[in-house]
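**Student:** Model the full assembly from the supplied sequences, consistent with the hints where possible.
Okay, so the sequence shown: first residue is 1 according to the UniProt record's numbering, each after it adds one.
Computed spacing ranges between beta-carbons, pair by pair:
{"no.": "1", "residue 1": "S26", "residue 2": "A48", "range": "19 to 29 Å"}
{"no.": "2", "residue 1": "E275", "residue 2": "P298", "range": "13 to 23 Å"}
{"no.": "3", "residue 1": "P39", "residue 2": "R96", "range": "18 to 28 Å"}
{"no.": "4", "residue 1": "N302", "residue 2": "P39", "range": "36 to 46 Å"}
{"no.": "5", "residue 1": "S291", "residue 2": "Q260", "range": "11 to 21 Å"}
{"no.": "6", "residue 1": "W238", "residue 2": "S307", "range": "28 to 38 Å"}
{"no.": "7", "residue 1": "E83", "residue 2": "I223", "range": "29 to 39 Å"}
{"no.": "8", "residue 1": "S291", "residue 2": "W238", "range": "16 to 26 Å"}
{"no.": "9", "residue 1": "T253", "residue 2": "R130", "range": "16 to 26 Å"}
{"no.": "10", "residue 1": "E83", "residue 2": "T294", "range": "44 to 54 Å"}
{"no.": "11", "residue 1": "A67", "residue 2": "E220", "range": "48 to 58 Å"}
{"no.": "12", "residue 1": "I223", "residue 2": "E282", "range": "13 to 23 Å"}
{"no.": "13", "residue 1": "T214", "residue 2": "M1", "range": "53 to 63 Å"}
Just so you know, these hints were derived from the structure itself, not from any lab. Virtual Cβ for every residue (Gly too), placed ideally from N, Cα, C.
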Amino acid sequence: MDRDRHLAAVIVPDTALLFETAVPISVFGVDRTVTGAPPLRVVAVSEADTSATTGGLSLTGLSGLGAADDAGVVIVPNWPDPESRPSDALVGVLKRAVDDGATVMGLCSGAYALAYAGLLDGHRAITHWRWVHDFANRFPNTVVDDSGLYVDEGNVITSAGTAAGLDACLHYVRREWGSAAANAIARRMVTAPHRHGSQNQFAQPEPLRSASPTIAAIQERVIANLPRALTVDDLARWYGTSRRTLDRDFTATVGQSAMQWILRQRVLTAQELLETTTLTVEQVAHRTGFSSATALRPAFRNALGISPQQYRRAFAPLED
Numbered sequence: 001m002d003r004d005r006h007l008a009a010v011i012v013p014d015t016a017l018l019f020e021t022a023v024p025i026s027v028f029g030v031d032r033t034v035t036g037a038p039p040l041r042v043v044a045v046s047e048a049d050t051s052a053t054t055g056g057l058s059l060t061g062l063s064g065l066g067a068a069d070d071a072g073v074v075i076v077p078n079w080p081d082p083e084s085r086p087s088d089a090l091v092g093v094l095k096r097a098v099d100d101g102a103t104v105m106g107l108c109s110g111a112y113a114l115a116y117a118g119l120l121d122g123h124r125a126i127t128h129w130r131w132v133h134d135f136a137n138r139f140p141n142t143v144v145d146d147s148g149l150y151v152d153e154g155n156v157i158t159s160a161g162t163a164a165g166l167d168a169c170l171h172y173v174r175r176e177w178g179s180a181a182a183n184a185i186a187r188r189m190v191t192a193p194h195r196h197g198s199q200n201q202f203a204q205p206e207p208l209r210s211a212s213p214t215i216a217a218i219q220e221r222v223i224a225n226l227p228r229a230l231t232v233d234d235l236a237r238w239y240g241t242s243r244r245t246l247d248r249d250f251t252a253t254v255g256q257s258a259m260q261w262i263l264r265q266r267v268l269t270a271q272e273l274l275e276t277t278t279l280t281v282e283q284v285a286h287r288t289g290f291s292s293a294t295a296l297r298p299a300f301r302n303a304l305g306i307s308p309q310q311y312r313r314a315f316a317p318l319e320d
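**Tutor:** What follows is the structure in structure tokens.
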């Protein structure tokens, strides 16, 4: 069927995240034609009359799912439970959109709804860094990007968490109507007009969790000795086994090699120090196990896509 390419349908689940839901509504639902933006419109649709959202608020005035069948882009801004499958009705809405040549977007955890619908099989996709490992295990037929901001696979777009959804929406506008249109919207929203999809997420450290008490103990010991130039041989001595056995058991338990995990902890700790202290980059490097700032910079840039100095400018708190 013919669809209105200027109309965006935002799927509102029964439990919605307010910011994630507001992002596509703000991009597509405000008339900015006076600035040169295209005449975009939005319809918020749901299987229920109201939706509970962040802060105890409720969303009302929602249209039925059928209203999404007219939209040129259908957006799932979040999904409340990774273990919850979408209803047959919602799966039908998503599949019809793809069949009609429309674009379907899964922002943040909204990628789960697309994956459950089978729309990500054989495709690259991304979600919030917190859910990457669960997503990859749950949907083995999807190639999961674990570091970028958004992934464009033609008629299916997915994004990383929260603010990356804004980047994905602006990317879609740029793709469909050009840079001038996306820039006009970005200026009114006072946001960066373009961040490339491959720019890394700014992940934060999570509490150490391991199914193996021994591996968990090694992880704790690594964190306590992070300034040291640790090797797999050091860990193997702690483990009382061979280097090969240690690396095999560590990878099987944690999902990455011991040295990959140690490097990630070094970068995560460097992030925290850059945010919360006035240490020089050289001092941060030594405190996190790098021989120098020169050694820290490429590792930091490879992990996050920006330099330590740029990260500090972006994330260090403003002084009073």
